[in-house]
Amino acid sequence: EAAVTQSPRNKVTVTGGNVTLSCRQTNSHNYMYWYRQDTGHGLRLIHYSYGAGNLQIGDVPDGYKATRTTQEDFFLLLELASPSQTSLYFCASSAGTANSDYTFGSGTRLLVI
Amino acid sequence: GDSVIQMQGQVTLSENDFLFINCTYSTTGYPTLFWYVQYSGEGPQLLLQVTTANNKGSSRGFEATYDKGTTSFHLQKTSVQEIDSAVYYCAMRDGGNTGKLIFGLGTTLQVQP
Chain V
1 EAAVTQSPRN KVTVTGGNVT LSCRQTNSHN YMYWYRQDTG HGLRLIHYSY
51 GAGNLQIGDV PDGYKATRTT QEDFFLLLEL ASPSQTSLYF CASSAGTANS
101 DYTFGSGTRL LVI
Chain H
1 GDSVIQMQGQ VTLSENDFLF INCTYSTTGY PTLFWYVQYS GEGPQLLLQV
51 TTANNKGSSR GFEATYDKGT TSFHLQKTSV QEIDSAVYYC AMRDGGNTGK
101 LIFGLGTTLQ VQP
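Taken in order, these protein sequences are the chains called V and H.
The first sequence begins at 1 in this note's numbering and counts up by one.
The second sequence begins at 1 in this note's numbering and counts up by one.
Only chain V is shown next, with the shape it has when bound in the complex (with noise of 0.2 Å):
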C-alpha cells in the first residue's frame, strides 16, 4: 500500500545536537515536503523538492536543512537543534499537479531540552 512513512516517532535531543528525521514514501510521487506543526500556528512549510537532489525553500526555513537523496527519501536535518525547534514534523508527498492533494505520514514528535 502507497504509504509515507516517518522515523523516529518521537525523538528527545539538547540543544545544539545534531538531529536527522527521514521520511520515505512509496507513492511514486515527485514532490515531497517538510511542515511543522504548532499550536496556534498550524502547518508550517519548512522545505520541500520536486525530484531527487531538488531542494525548495518553504516560510519557515531558518536553522534547518534538508537533503532529497531519491525520489523516495527526503531528509530533514537541524544540525544545531535549539528548544525553539521543539515541535511535531510531518512529512508529505504529492504528484504536484493541480488538482492532487498531499499524503501526510503519522508525524515525527521533536523535543530539545
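Keep in mind the hints are simulated off the structure, nothing from the lab.
Hints should not be assumed to be uniformly reliable.
Unchecked claim - Beyond 12 Å from chain V on every Cβ pair, some chain H residues (computed): (1) 25; (2) 26; (3) 42; (4) 49; (5) 76; (6) 94; (7) 111.
As the list claims (entries may be wrong) - If you only want the chain V side, here are some residues facing chain H, beta carbon under 8 Å, derived: (8) 42; (9) 43; (10) 51; (11) 90; (12) 98.
Every value quoted in this text rests on a predicted model; they were computed, and no experiment measured them.
Ideal Cβ positions, reconstructed from N, Cα and C, are used throughout, including at glycine.
Go by the hints and put chain H onto chain V.
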C-alpha cells in the same frame, strides 16, 4: 499574496448538532480547494477536494461548496458524531506552479456525547 483564512479556532458541539466551519481564500484564478482532517495522534488526511469543474465535494457526510463569488469553501455536516472530533484544515493549491498547498490555521472540533 495567496492566503486561506479559518476564523474559528475551536468549535464545541453536541452529538447530532449541525456543523459549519468557515473558510475563505484569497488568490487569483480558481484553484483546487481541499479540506483535511487530523485525528489525534495521526497526520492530516484528505477529507474532500473540489475543483471549479465540480463545485461541490462530499465525503463521510461532510460537504463543501466552492463559491467563487464570496471566495469561500465552508465545511458543513448535518449531524456530527463524537468520532468527528478532530482538527479540520482548509487548504488551496498555490497560485504559482510550485506544487504547494496553502493551509488555514485549522479548526478544532470537539463533539460532546
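Quick rundown of the hints versus the structure:
1. Every CB of chain V is more than 12 Å from the CB of residue 25 of chain H (nearest about 14 Å), matching its label as outside the interface.
2. No Cβ of chain V comes within 12 Å of the Cβ of residue 26 of chain H; the nearest lies about 16 Å off, and the non-interface call holds.
3. A beta-carbon of chain V is positioned within 12 Å of the beta-carbon of residue 42 of chain H; the least distance is around 6 Å.
4. At roughly 6 Å from the closest C-beta of chain V, the C-beta of residue 49 of chain H falls inside 12 Å, breaking its exclusion from the interface.
5. Under the 12 Å C-beta cut-off, the non-interface status given to residue 76 of chain H relative to chain V holds; the minimum distance is some 20 Å.
6. Residue 94 of chain H, annotated as away from the interface, has a beta carbon of chain V within 12 Å; the closest lies near 10 Å.
7. Separation of residue 111 of chain H from chain V is adequate, the least Cβ-Cβ distance of about 20 Å exceeding the 12 Å criterion.
8. Because the closest C-beta pair between residue 42 of chain V and chain H is about 4 Å apart, less than 8 Å, the hint holds.
9. With its C-beta approaching chain H no nearer than about 5 Å, residue 43 of chain V sits inside the 8 Å limit, and its interface hint holds.
10. Hint status for residue 51 of chain V: violated, given a least beta-carbon distance of 11 Å to chain H, over 8 Å.
11. Annotation: interface hint on residue 90 of chain V holds; nearest CB of chain H at approximately 5 Å, less than 8 Å.
12. Annotation: residue 98 of chain V was flagged as interfacial toward chain H, and the flag holds, the nearest CB pair being 6 Å apart, inside 8 Å.
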